[in-house]
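K.L.:
Given next are the chains, with one letter for each unit.
2 protein chains.
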Amino acid sequence: MGIIAAAAPPRSVPPPTIAQQLAAKQREISVAEFFERNRQILGFDNPQRALLTTVKEAVDNGLDAAEEAGILPELLVEVAKESDDRVRVAVTDNGPGILRKEIPNVFARLLYGSRFHSNRQARGQQGIGISAAVLYANLTTARPAHIISKVEEEEAAHVLDLFLDTQKNQPRVAADDLLLWDRPHGTRIELVLKARYVRGRQSPLEYLRGAAIVNPHARIALVEPDGTRVTFERAATELPPPAKETLPHPYGLELGELGYLLKATRRPTLREFLTKDLQGVSARAANELLAKTGRSAGEAPGKIQGEAQEALLRALHEVALVAPSPECLSPIGGLLIKRGLRNVLGELRPEFFAPPVSRPPRVRGGFPFMVEVGLVYGGGLPADQPIQLLRFANRVPLLFQQGACAITTAIASMDWRRYGLDQKGGTGLPIGPALLLVHLASVKVPFTSEAKEAVAEDPEIDKELTLALQAAARHLKTHLARRGRREFASEKFAIIQKILPKLAEKTSRLVDKPVPDLAPVITRIMDVVHVEVTAANGPTGVRLPVAVTNFTPRPRVLELFVEIPPDVFARATFEPAPDGTEPELGRAWWTLPKLAPNAKTGLAITFPPTTDVEANDLDWYVAGIDESHVLGADPLPGDWDVRLPRTIVEAAELAQQEAAPSGAAADEEEVDYDAAEAGAHAADDD
Amino acid sequence: MGIIAAAAPPRSVPPPTIAQQLAAKQREISVAEFFERNRQILGFDNPQRALLTTVKEAVDNGLDAAEEAGILPELLVEVAKESDDRVRVAVTDNGPGILRKEIPNVFARLLYGSRFHSNRQARGQQGIGISAAVLYANLTTARPAHIISKVEEEEAAHVLDLFLDTQKNQPRVAADDLLLWDRPHGTRIELVLKARYVRGRQSPLEYLRGAAIVNPHARIALVEPDGTRVTFERAATELPPPAKETLPHPYGLELGELGYLLKATRRPTLREFLTKDLQGVSARAANELLAKTGRSAGEAPGKIQGEAQEALLRALHEVALVAPSPECLSPIGGLLIKRGLRNVLGELRPEFFAPPVSRPPRVRGGFPFMVEVGLVYGGGLPADQPIQLLRFANRVPLLFQQGACAITTAIASMDWRRYGLDQKGGTGLPIGPALLLVHLASVKVPFTSEAKEAVAEDPEIDKELTLALQAAARHLKTHLARRGRREFASEKFAIIQKILPKLAEKTSRLVDKPVPDLAPVITRIMDVVHVEVTAANGPTGVRLPVAVTNFTPRPRVLELFVEIPPDVFARATFEPAPDGTEPELGRAWWTLPKLAPNAKTGLAITFPPTTDVEANDLDWYVAGIDESHVLGADPLPGDWDVRLPRTIVEAAELAQQEAAPSGAAADEEEVDYDAAEAGAHAADDD
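Chains as they are written, first to last, in the numbering used here: chain F, 1 to 686; chain Z, 1 to 686.
Check before you lean on any hint, since a few could be wrong.
As the list claims (entries may be wrong) - Short, incomplete list of chain F residues facing chain Z, as computed with Cβ under 7 Å:
#1 Leu111
#2 Tyr112
#3 Leu139
#4 Thr140
#5 Ala142
#6 His146
#7 Val151
#8 Thr237
#9 Gly252
#10 Glu254
Bear in mind the hints are in silico, worked out from the structure with no lab data behind them.
Bear in mind that the values here come from a model prediction, so they are computed numbers and not experimental data.
Even for Gly, the Cβ is constructed at its ideal location relative to N, Cα and C.
Isolated chain F, as found in the complex (with noise of 0.2 Å):
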């Protein structure tokens, strides 16, 4: 009931007024209109782009396809020049193939998708994609896309020429065909667009570097309109596990989406919605909803509504929950981030590649999503420009608009020169000889356009993104630090080891008396312990002896740790047997035996050999000793876990016992030194 009961009262015909004209203007616009008219939005911008992008969507789209079969991508880009301002680009993969009655809706209708209501990490999300791609194509050159499509069950692949109707979102199959396809299964699009063939950045082979690195286990190849043809070979012959799907999680849900969730469900009660269609309510933390909001558990779902959404939103955020999984996630790995860092950078030869980065999955908007960082200094690298800088989001390379990126903003916001880098007043891109890789691994990337060229600024992944940085920058900091120390170690080492003897000759021939034993003062002035490791690639597979060398003129005692990629732990031999191991982080450690100076001991790792791993994938830690008397092994970093009581005091009471002159101070900060790398840690955390 109005205010007014009545309508206006009835009126002669008049002309139509403005309001009647501009209503009559009101008009339903299709999606396909609406992305016609602003192709730029999808990443069309310009024909260098527009193939970029096609490349983009097809590759993502086949890489997504073969991985959810279960399938190692192998992927064939073809690009060929047309005319002077056409392009042919082709994109095949040996993904499960597409029924044929779906053919006409994934490649001609946007949004529609498989995977923008899977609760999972994949490339492809928003069902916009490829049809852009095809719908560009269209208008550009009037021309089909030509699907080829073979699933492994049928004898023959269909072909179908495809346009998109853009007033009615529609696909308009303009032929339908068999054929017999040399492959078991798999898809090929072509088309034929307005486009530009470059190399360089923002360039299909830059594109499908990035996309080589963050996926080893794909083996991708281009051939060039000039026939040259770019492979990129697979690094790793595995798999990423598959993300799984998983039910939302209350964390950072909005009340809209937790009303939308009440009045969906198929659930009979609110027991069963709080613990089977969220993620993270345990039957406990059920009751104590429940109770918190007076509700019971038989309620059905749909009848909450209004104040009594918010109360039980309210709830869901304040009641202690399980952490989000990070199952539904498939982040790159710190492994894979290194090898795939220096498979890029081999022939700039970098002084240091940081540990890599992975933070702890956390939730944004119901979702869960993680940050990788890996940092890359020296070498090469130009030291007198910006840092270059790898930003992916859920493994596909982000090549345009960083300036716009949360990535690349988080990175400007921090002040590099406390970690020694150079930065004109302390925001913007750092400079110096570094490289950045950054992966934001989410099920929901928020990206600031459906080009999905850019991460939009969130205050949750921009926290995340600071602290995987800071975590980076630390390394880089300690690494510049550590490196002025050990250089004059180096000098010293190499020094004294060359000349000392040739001294000793010269000057015993001068005053002829026999040479003397120069062990002792050569510990003496040297001063470190040496860890050496070797490696030999044989067919009994990968050994690697580990020789360490007490140089100093004290007893030592010293614990080794190794950190081996955790796949291949339990391939791993060693002689002698560790004293302690944690598998599920790849972490072996040993308790070395008393070194007496000059004394020499050591131990192995040996792999089976087909182990997928290098000498490069192992980090050597030692504890027991100041930094800056030891050559070839970094200390302990404060993340471990282990904490090796018997060492130190055994250590400190060998400092009391032999009251060595010039050691025993130095020894002392190595206990404070640790303290102070665990509490800076914490302090970053908060």
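Put chain Z on the given structure of chain F with help from the hints.
P.N.:
Same frame as chain F, now just chain Z:
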């Protein structure tokens, strides 16, 4: 017919294959679901931005609606705090109102609107904005949008509560009432949303300030949560000329677009299609097109397909066509740019407002666009920071994503050091006490996303932006070069006028002689012509007397030029009558009587009382003398097509006759200056 005629052989019912499993997951995605998940794309990243975007969409709609109905816009924006993270925002406009039947679709359905299909400049073009705000409010607070709208011909206003059903992308009406409203017509939208009110950069206040600059005909008031009321009063009382709907222009048309036009047209013949459905095709051009493509005038447009379409498009791009009509655009105009900037920057007292640059309209994708640039320098603008940048598209301020915007890129790619500003390495935003206002007006602004905050890269737009920026930068360079010379002259002027008489008096007293006539001495030393404009606002209107005094030791023949806002030119009275005028450009000029040394002459311009003009709106220029010899007016810019052979010839004669010792060489330079300026313009336009 396929290569294989038979389908795959029948099989027993197997378990679903991977392709079948994947197919079962394929689904249509509602556009509202898509944007609910990707609300950052629409500008709802975080509570602060969500509020700004909501205000922006409602205000833009209000301005568009009022202007379409020929009403001077009057808007009220009210923001109130509802709880810690909730804000109630209401925007009321004085537009024509919306018919009851259209209200639900206008406010609660994405991709629905009246402006998408109309080919003219408008703020809202997508049919997404305000419904996105409603969707966001629904999602974050589960509250409906509360709409009041009244059209003039009905007695009561309609009051509706609306939700947007995301799965269907359809409005759901939760309440439907009538209300006696104390307004003749208009619309009010009220939303409760998760949001945060702030002041400062990227705030609603800043947005409204920007909107006021480029919409001086609108009155906009804001009530902040603490009750503070900020009102931006009108600076102009006339609506800008309405942007007219136009036909697509063949320049920049894509093949697919032409195909669609040929298919959709109702014209029976090709000739009619060419001349009546496209812009700029004259009867003569149509003949040429028919001849070039070998087609007959009476052919049905729908029959032209494939190769024939391509040939027609090629011909359309080759044949000379009438330039695109700017009538569909609504530029701000030089006068209002200047006033708007004075309005914002008044208190900073900048030393220089460059003449605003308006580029001629160009065509991109069949539709015209144009670029306007204003530049301000000096005064209280900070000298050690990047310049301030005000970006606008279709009279809407762009506050976010500056780094991702083509406007920023165009500025950052220029080497501003050539024009007198600092710039690190010759790229990036220049540093210095300057402000740039850049406006892109277009039927179809290529935004990078639906949030409409950044313009996408486009070679055509980039070219126009660069040309406009270069023109503005040249003004700055000229100003800075001139400033040095002028500062010197100004100081001399001050010193001589003050000190010389005192000196003469004192000396005369000392030597006990009468004070000599200093005039010839002063003129010889000062060597300037002084142009002084005063202004008097009185009951008889605005009177602007100009006094010109020849403080040089030689007789002078000068030409004086004035540029008046063209819309008030007709109301000006000149004493004496000018020697020439160009009313459509607002220009008038006089050849002044030959001025002996120390002689003074004058003229005046008067406007009747109600004229919307200020002394600052007029620009004065002088010719016939080197610029270093003038105080109070600028030399005639190169873009005036008025050529003045008589003055220049006479001046040269005078110079020869009088054979002045110092002035001749300098006077000759001015001819070169004009030529150089004209040459520079021509070079830039290449």
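K.L.:
Now tell me if each hint is right for this structure.
P.N.:
For each hint, the structure was consulted:
no., hint, in the structure
1, Leu111, "holds, 4 Å"
2, Tyr112, "holds, 5 Å"
3, Leu139, "holds, 3 Å"
4, Thr140, "holds, 5 Å"
5, Ala142, "holds, 5 Å"
6, His146, "violated, 14 Å"
7, Val151, "holds, 4 Å"
8, Thr237, "violated, 21 Å"
9, Gly252, "violated, 12 Å"
10, Glu254, "holds, 5 Å"
Consistency note: the structure conflicts with the earlier hints numbered 6, 8, 9.
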